[in-house]
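A.B. asks: Spelled out, the chains give:
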Amino acid sequence: MDFDKNKIKTKIAISKIKEENDIVMENKTKGILKTAATALAGVILSTGVVFAGTMVYENIWKTPEKIELSSGDFEEITKITEESKKENMSEEKAKEIAINKLNEIQFNSNIVGTNHYKEYDSNKIWYRFDTEDNYEISIDGQTGEFYDIWNHNKDIQDLNKYITVEEAIETANKYYKLFGFKEDEYEISKIHSNNKSGNDTDPGFKIDIEYCKKYGNLENYYERISIAVESKNKDIDYFRVVNIPFDNNEVVKTEQEAIELALNEDKKIETNKVESTQAKLMVVKMNADAYNRINNKEKYYEAMQTPNYPNEERDYYKVDDKVRKAWVVVITYEDNYGEDTRKRYTEGKYSYFVDATTGEIIGGHPLDYIYSESKR
Amino acid sequence: MKELKQLEDYYKNNEIDIEQIIEDFTPYITTIINNGTDNSISFEDKEEIYSDTFFILWKNRNRLNINVSLNSYLAGITRNLIKEKYRKLKLTYDISDFENDLINSVNMCENDRDLIYDVEQKIKGLKNIDIEIVNLFYYSSMSVKDIAKKLNISEFNVKTRLHRIRKKIKKELNNGGI
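Protein sequence lines, in the order shown, are assigned to chains A and B.
Counting from 1, position 31 in the first sequence corresponds to residue 31 in my numbering; the numbering is continuous, with no gaps.
Counting from 1, position 4 in the second sequence corresponds to residue 4 in my numbering; the numbering is continuous, with no gaps.
What the hints contain is simulated information worked out from the structure, not anything from laboratory work.
Errors might be hidden in some of the hints.
As the list claims (entries may be wrong) - Chain A is nowhere near these chain B residues, computed Cβ spacing over 12 Å in every case: (1) Lys5; (2) Ser40; (3) Val68; (4) Ser69; (5) Lys83; (6) Tyr86; (7) Leu89; (8) Leu126.
What the hints assert, rightly or not - Chain B stretches covered by chain A per the calculated footprint, using a threshold of three residues with CB under 8 Å from any CB of chain A: (9) 53 to 62; (10) 74 to 81; (11) 133 to 146; (12) 153 to 164.
What the hints assert, rightly or not - Not close to chain B: a few residues of chain A, all C-beta gaps over 10 Å, as computed: (13) Ile12; (14) Ser15; (15) Asn21; (16) Lys268; (17) Asn296.
Glycine is no exception: its CB is placed at the ideal position from the N, C-alpha and C atoms.
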């Protein structure tokens with residue numbers, strides 16, 4: 001019988017935590033933060049309109065709220081508060097939804113424990129219930145939607161037993177139907193096999209299968225189902241549903257127009273000379289990355305390039321959960337970074353999200369978003 | 001196993017590559033344990049000796065002579081642990097063939113091992129995913145982002161779980177008398 005190598009890893013991990021703890025005890029420092037304060041940083045909420053061709057479209061981008069976070073006591077920040085309870089359904093209601101879902105998928109619905117928490121930057125509560133059979137089911141406290149279910153039974157993984165991708169898909173499809181999804185509603189968009197060969201089409205001891213909704217040729221990652229199948233019992237390791245409402249907005253802007261809009265935005269800050277651009281129509285989630293970079297480029301890159309940059313010094317913004325069709329424009333800058341690889345791999349490229357309808361800059365991504373998404 | 005490799009061969013970016021050492025030396029250590037023990041030692045105890053061997057090597061990583069054969073260090077540590085186990089169980093067993101001066105330079109970390117063993121027992125009931133996150137973060141030095149990607153969960157989920165288990169382990173460590 002083989003010895004368990006994971007025991008060594010856990011011993012070393014505990015030892016590192018001990019070292020960390022020793023330093024804290026020695027310095028007698030206590031990072032205390034009881035609240036996460038939200039502050040408006042000179043916010044002007046824009047509610048205007050934008051002209052695109054002959055049509056008038058409502059602006060979707062709003063100047064985001066700056067959120068002040070600190071590296072304080074995370075446990076405290078994620079505790080459910082009386083205030084957060086007011087913005088979420090009751091635990092009883094969430095439990096009822098969880099039990100109904102468990103019954104629907106023919107799982108043991110006897111709840112034996114809970115592990116609820118509040119998001120650190122909002123009042124959303126995630127209700128998590130542990131079942132008698134050692135599964136954990138999560139319910140979104142604000143929408144009441146089922147989010148995921150995890151198999152927490154011990155020893156469900158056998159690293160030496162492999163299943164084929166076809167076998168995994170068969171199991172995943174079984175659960176897909178069991179959870180009540182229609183046959184053509186989602187399509188398999190990605191398969192990842194965990195194995196020694198590193199090849200995603202080879203058999204593995206755990207196989208992750210991702211289903212996405214498709215709009216023409218566009219995959220929407222924000223309407224997806226992720227299922228992992230383990231080899232030991234050929235059963236699910238987890239099942240997750242991500243469902244952020246998609247505007248399915250009209251594509252009005254052309255690729256060339258989007259590139260020009262991105263380049264114009266980029267002129268607001270000093271960068272190396274633009275070497276090339278690339279654009280692709282994609283489904284993206286609105287974010288404040290480009291806004292943050294444009295408004296404080298030095299700090300934006302300093303935070304990225306400085307090891308252990310303090311969290312409380314970083315800029316965080318609250319942006320609406322909006323998923324839109326956008327042109328992702330990747331700008332590549334002239335490479336004069338020399339030996340400074342740190343700069344090259346942070347400042348060498350930038351991706352702008354140009355809304356396909358309004359042409360607004362609705363987000364961004366450091367480096368090449370098109371490439372990184374293709375490797376997701 | 002790669003024969004007579006020196007500790008120096010296992011340094012990568014100034015860090016000891018313990019993962020590779022475990023991979024290369026597991027058969028060697030397993031043989032020493034199996035040959036050096038009899039049925040009076042349980043499988044769990046043998047497994048403890050096995051994991052402690054690599055743990056002690058890792059703890060001593062900055063004090064060992066990097067030009068000395070790793071086989072000697074590991075064999076020395078393993079045999080010392082076997083001897084210690086027999087002593088604890090008040091059993092006698094002949095391991096008199098063990099002569100290794102090198103082991104004098106190794107700190108056997110008894111206190112740390114006892115404490116860590118206690119914590120390990122206390123966290124046995126944790127979910128597999130929590131243990132995996134801690135191992136990936138502290139042992140494999142992966143970022144929260146990469147862990148989230150690997151386990152297909154949100155970064156927030158990783159942070160929450162990591163925070164909670166770290167707090168639990170620290171509590172257990174402090175209860176253990178630090």
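A.B. asks: Indicate, hint by hint, whether the structure satisfies it.
C.D. replies: Verification of the supplied hints:
Interface exclusion of Lys5 (chain B) from chain A stands, the closest Cβ pair being 18 Å apart, more than 12 Å. Distance to chain A confirms Ser40 (chain B) as a non-interface residue, since its nearest Cβ pair spans about 17 Å, more than 12 Å. The non-interface label for Val68 (chain B) is consistent with chain A: the shortest C-beta to C-beta separation is roughly 21 Å, beyond 12 Å. Distance to chain A confirms Ser69 (chain B) as a non-interface residue, since its nearest Cβ pair spans about 21 Å, more than 12 Å.
With 12 Å as the threshold on Cβ separation, the claim that Lys83 (chain B) sits away from chain A holds: the shortest Cβ distance comes to roughly 19 Å. Non-interface call for Tyr86 (chain B) relative to chain A: holds, since the shortest CB-CB distance, roughly 19 Å, exceeds 12 Å. The beta carbon of Leu89 (chain B) is kept farther than 12 Å from every beta carbon of chain A, the shortest such distance being approximately 19 Å. Its beta-carbon lying about 9 Å from the closest one in chain A, Leu126 (chain B) breaks the requirement of being farther than 12 Å from that chain.
Figure legend: the region 53 to 62 of chain B, annotated as covered by chain A; annotation consistent (4 residues with Cβ-Cβ distances under 8 Å, at least 3 required). With 0 residues carrying a beta carbon less than 8 Å from a beta carbon of chain A, the region 74 to 81 of chain B misses the three-residue requirement, and the given coverage is violated. Only residues whose C-beta sits within less than 8 Å of a C-beta in chain A count toward coverage, and the region 133 to 146 of chain B has 6 of them, enough to reach three; the restraint holds. A stretch counts as covered by a chain when three or more of its residues have a beta carbon under 8 Å from one of that chain; for the region 153 to 164 of chain B and chain A the count is 5, and the coverage holds.
At roughly 5 Å, the least C-beta separation between Ile12 (chain A) and chain B is not larger than 10 Å, which violates its mark as non-interface. Some Cβ of chain B comes within 10 Å of the Cβ of Ser15 (chain A); the nearest lies about 6 Å off, and the non-interface call is violated. A cut-off of 10 Å between C-beta atoms contradicts the statement that Asn21 (chain A) is not in contact with chain B; the least separation is 5 Å. No beta-carbon of chain B comes within 10 Å of the beta-carbon of Lys268 (chain A); the shortest separation is about 28 Å.
A cut-off of 10 Å between C-beta atoms confirms that Asn296 (chain A) is not in contact with chain B; the least separation is 22 Å.
Comparing the model with each numbered hint stated earlier shows that hints 8, 10, 13, 14, 15 do not hold.
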